[in-house]
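Colleague: Each chain is listed here by its residues.
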Amino acid sequence: MDPIDERGLRELLVESDDLQSDAMRTATRGLDDYVEAVLDTRERSGSRDPGGQWPGWSRVAAVTGLAGAGAVLAAWPAAADPARDVQALQTAASLENLAVATYKTALTLPFIGGADANAVVKAFAEKTMAQHIEHGQAFNGAVAKLGGKAQNDPNAKYAAVVKQTVPTIKGAGDVVALAIALEDVAAQTYTKNVSQVSTPELRQLFASVAGVESQHKAILLAVKALIDGGAPQLIALPPDAAKLPDAAGGVGFPDAFFPTEKASPVEEGAVK
Amino acid sequence: MSTDKRPEMQISERELTAMTRDLDELHESTFPGVRTLLDEFSANLAHITRGHPTGRRGFLLGVGGVTTLGMAAACSSNDTGSSTTAAPAAPASTTAAATYEGDLKVVALAAALENLAVTAYTGALDAAGKGTLGTVPPAIGVFVQTAMKQHQDHAAAWNAVLSKAGKPTISDAPLSITADQVKALGAAKSVPDVAKLALDLENAAAQTYTFAAANVTDTGGIMTAATIQPVEAMHAAILNFVLGQYPVPDAFIGVDKAVKPDALLPK
Chain P
1 MDPIDERGLR
11 ELLVESDDLQ
21 SDAMRTATRG
31 LDDYVEAVLD
41 TRERSGSRDP
51 GGQWPGWSRV
61 AAVTGLAGAG
71 AVLAAWPAAA
81 DPARDVQALQ
91 TAASLENLAV
101 ATYKTALTLP
111 FIGGADANAV
121 VKAFAEKTMA
131 QHIEHGQAFN
141 GAVAKLGGKA
151 QNDPNAKYAA
161 VVKQTVPTIK
171 GAGDVVALAI
181 ALEDVAAQTY
191 TKNVSQVSTP
201 ELRQLFASVA
211 GVESQHKAIL
221 LAVKALIDGG
231 APQLIALPPD
241 AAKLPDAAGG
251 VGFPDAFFPT
261 EKASPVEEGA
271 VK
Chain E
1 MSTDKRPEMQ
11 ISERELTAMT
21 RDLDELHEST
31 FPGVRTLLDE
41 FSANLAHITR
51 GHPTGRRGFL
61 LGVGGVTTLG
71 MAAACSSNDT
81 GSSTTAAPAA
91 PASTTAAATY
101 EGDLKVVALA
111 AALENLAVTA
121 YTGALDAAGK
131 GTLGTVPPAI
141 GVFVQTAMKQ
151 HQDHAAAWNA
161 VLSKAGKPTI
171 SDAPLSITAD
181 QVKALGAAKS
191 VPDVAKLALD
201 LENAAAQTYT
211 FAAANVTDTG
221 GIMTAATIQP
231 VEAMHAAILN
241 FVLGQYPVPD
251 AFIGVDKAVK
261 PDALLPK
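Residue numbers (the numbering used here), protein chains in the order written: chain P, 1 to 272; chain E, 1 to 267.
Be aware that a few hints might be false.
Not everything, but these chain P residues come out facing chain E in the computed CB check (under 10 Å) [said to hold, decoys possible]:
# : residue
1 : Thr105
2 : Asn193
3 : Leu205
Rather than coming from a laboratory, the hints here were simulated on the basis of the structure. Predicted, not measured: the structure shown is a model, and the values here were computed from it. Beta carbons: idealized from backbone N, C-alpha and C, even for Gly.
One chain only, chain P, in its complex shape (with noise of 0.2 Å):
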C-alpha cells in the first residue's frame, strides 16, 4: 500500500468527523439524562433518597423496587455527591484546556506544525486538539448544567510542568513526550474518575473519554518509538509495515491493565 496523500489524509478526517459527530450525540444524550436524573432528584421532596444526593435515584429505584433500591443505596459508592461530580467534572476540563494550549503552542513550531513537519504528525496534532476541545466542551457544558461554573483554566500542577519543559523542546520527540505525559494523566484520570463518580451515565462519559485519550497515547508512542529510532520517514498512513521494526507492533500498548497511579485527585482542577 502506497502512503495516501495530503488530500486523501484530508478525505479521511472528514470521514472520521461524522463518525465522530455520532459519538458525540451519544454523549450528550449520556449527559442529558445525567442531568436530568439530578435536577430531577433535587426537585423531589420527601423522596427515599435522604438529602437528595443520589443523582439517577428515581430511575434505579423504579427498575429495582423498594427493596433493590434499599440494597442500592446501602451500597452505592461511598464517594457519591453532586459536588464531588462537578469537581471531576471541573478537574477533567482543566485537563482538556491545559491540551488545547500545548497542542496550539507545538503547533506553532516548526517541526509540528510548520514546513518541515510530518504531514501525519501534523494532522495528528490539529485533530486531537479539537477532540480535546470537544472533551472539554463536554466535561464544562455537564458543570455548567448542574449549577457549578465552568473550568476554563488549565490545570495547574500540568501547567507549571509544561511551562518548564517548552523552553527546552528541541525537537519533534520532545513535544511527543510531553504529549504523552499530558495524554497519560488524563486517561488515568478518567479511568480513575469511572469508579469516583455517582451515576452511571457519567460513569459512561468518562470511561469513554478515557478511551480516547488512551488511543491517543497509543500513537505517540508508536511515533516517539519511530522518531528516537531515527525513523520518523515511516510514520506514514498506512505505515510500511514490513520496514517497520519488529518491537514497534507492540510499543503502543504497553500495559494490559491501564494504570492509574498518576490519576489526578478528584479535586485537582476544581474551580474555588
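Add chain E to chain P, keeping to what the hints say.
Modeller: Then chain E, alone, in the frame of chain P:
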C-alpha cells in the same frame, strides 16, 4: 513518504526489544493493583452467591444482584464440565448463560469476549504460519502476540472472579457473534483482512467495557472494566493505523457496537 531503507534506523532491534521488555516490566508492576481490585470484587461476589450479602464497601445488589441469590442456589448443583487453565480452582467450565446473573453475567460475557479475541489472534498466527495470509511483517507478528497475551491476561482476570465467586469459568467463546467471527477469520486471505476482523473485535470489546463500566454495579467490577477498556481501545488505534485509517476516529467511545449480556449463549 516511506521510501527509506531499514538500515537507516538508528535504533537497533535489540534496543527496541529492550524497550518492550521495560514495558512488560511496567505491565507486571501494574498487575498487583488489578489483582487487589479483582480480589475485592471476587470477595463481594462470593458473599452474594453464598447467600450472605456483605456489608463490605462497595457491593451493590443492583438490578440483577437480588436475583443472583436465588439463581446461584438454583444453579449450584448444575455446574459440570472441566476447569480452565486460567482458573484451575474453578468448579466447572460450563457456559450456560443462565448460570450467571447480574454482575456475574457481565463478567462471564467479558471472559467469553476475551477468549474470542485470543481465538482470533491464535487463528491469525496459525494462518500466518501456513502462509495463508501472504508475507506477514514482523511488526504485525509482534502486535498479534502482544495483544493476544493481554487478552489472555484479561480472560484470566475475569475467570478468576468467576472462580472465586464459585461459578464455572469460561474457557471458550459462547457468544452469538462467535460463529460469524470464526467464519470471517477462516475466509481471511491477507494481513489487512485479519486486521479488519481484529479491529472489529477490539472496537466491540472497548465498547462492551464502556457499557460495562456504566452497568456493572460493584465498584471493583466497574474499575476492572475501566482499566481494561483503554487497552482494547489502544489495540484498535494501532490496527486503524496499520490499515491506513485515521487511528482515533471518534472523540468519544460509543456503546452502539457493544456486545450485550444477552449475547452470552446457553450450551
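Colleague: Confirm or reject each hint.
Modeller: For each hint, the structure was consulted:
1. Hint on Thr105/P is violated. Least Cβ distance to chain E is approximately 20 Å, over the 10 Å limit.
2. A cut of 10 Å between beta carbons decides the hint on Asn193/P: the least distance to chain E is about 9 Å, and the hint holds.
3. Annotation: interface hint on Leu205/P holds; nearest CB of chain E at approximately 8 Å, less than 10 Å.
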